[in-house]
Amino acid sequence: MRLAYKLDDAMSSAEGAAPRPAPTRLDRLESEAVYILREAAAFVRPALLFSGGKDSAVLLHLALKAFAPQKPGFKLLHIDTGHNFPEVIAYRDQRARQTGLDLIVREVEESIRRGSVRVESETASRNAAQAVTLVEAQQEFEFDALIGGARRDEEKARAKERVFSHRDAFGAWRPRAQRPELWSLFNRRLGAGEHMRVFPLSNWTEADVWAYIARERIELPRLYYAHERAVVRRAGLLFPVTALTPAGENETIESLTVRFRTVGDITCTCPVESTAEGAEEVLRETLTASVSERGATRIDDRANAAAMERRKLEGYF
Amino acid sequence: MDAAGLSSAVIAAPGAQIRFMTAGSVDDGKSTLIGRLLLDSGALMRDQVDTLGAEDLANLTDGLEAERAQGITIDVAYRYFATPQTSFVIADAPGHEQYTRNMVTAASNSDLAVLVIDATRVVDGVLRPQTRRHATIAALMGLDLIVAVNKMDALGWSQERFEDVRAAVDDLAGGLGLRNVRCIPISAQRGDNVVRRGGADWWAGPTLIELIKRSHGARDFSNDRLRMPIQTLLRDGAKRLYAGRMESGVVRPGDTVAVGAAKTLAAVARVCVAGRPAPMGVAGDSIAIELTEERDAARGDVIADVGVRYVRSVTADLCWLDEDAWVKGRRYQFRQGALETQALIEDVHFVRDVADLSERPAPASLRLNDIASVRISTRDPILADLYRGGGGPGAFVLFDPQTNQTCAAGMIREAL
Numbered sequence: 001m002r003l004a005y006k007l008d009d010a011m012s013s014a015e016g017a018a019p020r021p022a023p024t025r026l027d028r029l030e031s032e033a034v035y036i037l038r039e040a041a042a043f044v045r046p047a048l049l050f051s052g053g054k055d056s057a058v059l060l061h062l063a064l065k066a067f068a069p070q071k072p073g074f075k076l077l078h079i080d081t082g083h084n085f086p087e088v089i090a091y092r093d094q095r096a097r098q099t100g101l102d103l104i105v106r107e108v109e110e111s112i113r114r115g116s117v118r119v120e121s122e123t124a125s126r127n128a129a130q131a132v133t134l135v136e137a138q139q140e141f142e143f144d145a146l147i148g149g150a151r152r153d154e155e156k157a158r159a160k161e162r163v164f165s166h167r168d169a170f171g172a173w174r175p176r177a178q179r180p181e182l183w184s185l186f187n188r189r190l191g192a193g194e195h196m197r198v199f200p201l202s203n204w205t206e207a208d209v210w211a212y213i214a215r216e217r218i219e220l221p222r223l224y225y226a227h228e229r230a231v232v233r234r235a236g237l238l239f240p241v242t243a244l245t246p247a248g249e250n251e252t253i254e255s256l257t258v259r260f261r262t263v264g265d266i267t268c269t270c271p272v273e274s275t276a277e278g279a280e281e282v283l284r285e286t287l288t289a290s291v292s293e294r295g296a297t298r299i300d301d302r303a304n305a306a307a308m309e310r311r312k313l314e315g316y317f
Numbered sequence: 001m002d003a004a005g006l007s008s009a010v011i012a013a014p015g016a017q018i019r020f021m022t023a024g025s026v027d028d029g030k031s032t033l034i035g036r037l038l039l040d041s042g043a044l045m046r047d048q049v050d051t052l053g054a055e056d057l058a059n060l061t062d063g064l065e066a067e068r069a070q071g072i073t074i075d076v077a078y079r080y081f082a083t084p085q086t087s088f089v090i091a092d093a094p095g096h097e098q099y100t101r102n103m104v105t106a107a108s109n110s111d112l113a114v115l116v117i118d119a120t121r122v123v124d125g126v127l128r129p130q131t132r133r134h135a136t137i138a139a140l141m142g143l144d145l146i147v148a149v150n151k152m153d154a155l156g157w158s159q160e161r162f163e164d165v166r167a168a169v170d171d172l173a174g175g176l177g178l179r180n181v182r183c184i185p186i187s188a189q190r191g192d193n194v195v196r197r198g199g200a201d202w203w204a205g206p207t208l209i210e211l212i213k214r215s216h217g218a219r220d221f222s223n224d225r226l227r228m229p230i231q232t233l234l235r236d237g238a239k240r241l242y243a244g245r246m247e248s249g250v251v252r253p254g255d256t257v258a259v260g261a262a263k264t265l266a267a268v269a270r271v272c273v274a275g276r277p278a279p280m281g282v283a284g285d286s287i288a289i290e291l292t293e294e295r296d297a298a299r300g301d302v303i304a305d306v307g308v309r310y311v312r313s314v315t316a317d318l319c320w321l322d323e324d325a326w327v328k329g330r331r332y333q334f335r336q337g338a339l340e341t342q343a344l345i346e347d348v349h350f351v352r353d354v355a356d357l358s359e360r361p362a363p364a365s366l367r368l369n370d371i372a373s374v375r376i377s378t379r380d381p382i383l384a385d386l387y388r389g390g391g392g393p394g395a396f397v398l399f400d401p402q403t404n405q406t407c408a409a410g411m412i413r414e415a416l
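These protein sequence lines are chains A and B, in that order.
Residue 317, in the numbering used here, is where the first sequence stops; the numbers in between run on with no holes.
Residue 416, in the numbering used here, is where the second sequence stops; the numbers in between run on with no holes.
For lysine to any residue, the following SDA-like pairs were computed, each having C-alpha atoms within a straight-line distance of at most 25 angstroms: (1) A:Lys65 - B:Ala238; (2) B:Lys239 - A:Gly100; (3) A:Lys75 - B:Val273; (4) A:Lys65 - B:Gly254; (5) A:Lys71 - B:Ala238; (6) B:Lys213 - A:Trp183; (7) A:Lys65 - B:Ala269; (8) A:Lys71 - B:Gly275; (9) B:Lys213 - A:Ser31; (10) B:Lys239 - A:Leu64; (11) B:Lys239 - B:Leu265.
Short, incomplete list of chain B residues facing chain A, as computed with Cβ under 7 angstroms: (12) Tyr80; (13) Thr232; (14) Ala274; (15) Ser286; (16) Val397.
Since the hints were derived computationally from the structure, they do not count as laboratory data.
The structure presented is a predicted model; accordingly, all values stated were derived computationally and were not measured.
Each residue gets a CB set at the ideal place from its N, CA and C atoms; glycine is no exception.
So here's chain A without its partners, still in its complex pose (with noise of 0.2 angstroms):
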């Protein structure tokens, strides 16, 4: 019987088999994320958050095979804003029906009800509302841990996240307390009533998630390729007409082929022109890109470059 050591060793012996290419910046940050979702299945009540956008499915992807063969022992959970684009609700479904994990919907409108959240108009976006949802539901099924696909590359105040983002008891962050956060040691200890954000996508780019999208073959709603959309333009940018966001009385709409880069809340995700039909052209258009994903398709980022932080100082993930 032979001896685990050194690779030397195991190369020289005779069932030696030839060397393995080196890992490239692909496989670094999937081990990484792999390792990141592992430490997250040791608390007691994790749920992985999931939109059915492209970063909640790369999540997914890499929790299915984190745990593999056994199933991931998350819930999905989803903060609806009631504004989302249809395909991608389908999607989740879809998604959740084949994974066989639970999935938990909360809705915005629901808390509207209630009162816990006010907005301004029926059509004004819900981006920062989801913060008070996301906390409700945290706290209804008292989740200690909630994984999301968040990347420190989208802006600023991510820059600064940890991997390990504790939340105090009332849901929020706060910055100058982070916990200093070394190797990969992660601390998960937890005080009454509060709970823990992880991002295992912390240290991947827009291009690595598409690069891993192309890689490992993952499907996405349609709306992320190449398609025929109603659009007119404001600012600059593309917006999608549709029965919550329709045309003002004096723009004139299009038919554009066009993709979005991200799928939010529908009053404020934009579509970008584009004839990508997968994820490799996808991938080589966001290579060659001028804008960044969020200044290109989300206007509530766009109002204020302080309006993450604040979110986040409250809540938002």
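Starting from the structure of chain A, add chain B where the hints point.
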């Protein structure tokens, strides 16, 4: 390069990811350097450039509203940029002394450190205290160091002044036992020798980005002995799989391994990656191992080579990270790999003054930012592995059992 060429290069090439940290004294130009790296490598998007003032590169790394108000960086910020062959993660650590713990955090998650020195402020070969402190921490944490000698344009690219700084750095590096420290003359403001060449006609060496690329990213620990801390157990029908990430070494079906501190020997039946059998697992891989016979092992136990050693007492360098000072006699929660147990700091041998490297003996307490040599004992046996850069079993952290804060980072220097 055309778009099609770029895409296939990024998808097909080995494409390492290099994680490096930046450090430097306040106002030495660290934020400007990061802005320059992002700008000249084409990582900035149009909307991000639009929000900048004229060439105000430092604004790019400003994050939180609070620090914009204070004018200092208060936390570690991560930045991402890519060239066709390589992607980079920058951990931007603050220069302000009050937040040195964040430098330790950034260092622990980096493959190497880039230390920025303002050449105009090195007088008579004396480096500033914060520069010495940062170099010391990089040395303690086993990081390779690249020194960016900045603001050379303000010195008319004087080769003599550059050599003065280099001599001071070599002196410091010698005292710290740092080898292969590279100095490079740059101007972050003008972009000389950062991504593109410029400034000094006497400089024949590489640009900063070329130097960073030579590090090839994460260190390869496949030649070290097998260590796989078990994170969780998985079931495959009636069979049990031990899942974790390999800290070091190689494991293949047929290998004999030692399981847990009891060092129960077992043979590896199967190595799985993502639920599928693989010919081997190598350092850095997240894998699952099936043994030919089940062993009583759980999260926190380690699957290791048969020569592994466990101890209950070690000497370590400890960086204190908490506002609350160390309390003598208090038990702290100790984490090494996936193992959590209790630990007691039995002895503080000395606190190191990181400015002049002197040792202050037998201090009564350890406070925020102190770096001390301590003897620490643990309730359960821990791996006797010594620290090497890049984490691994020689690294541990302490948590405060009451406040739950992460209060210290430790590096094992001697197993007792």
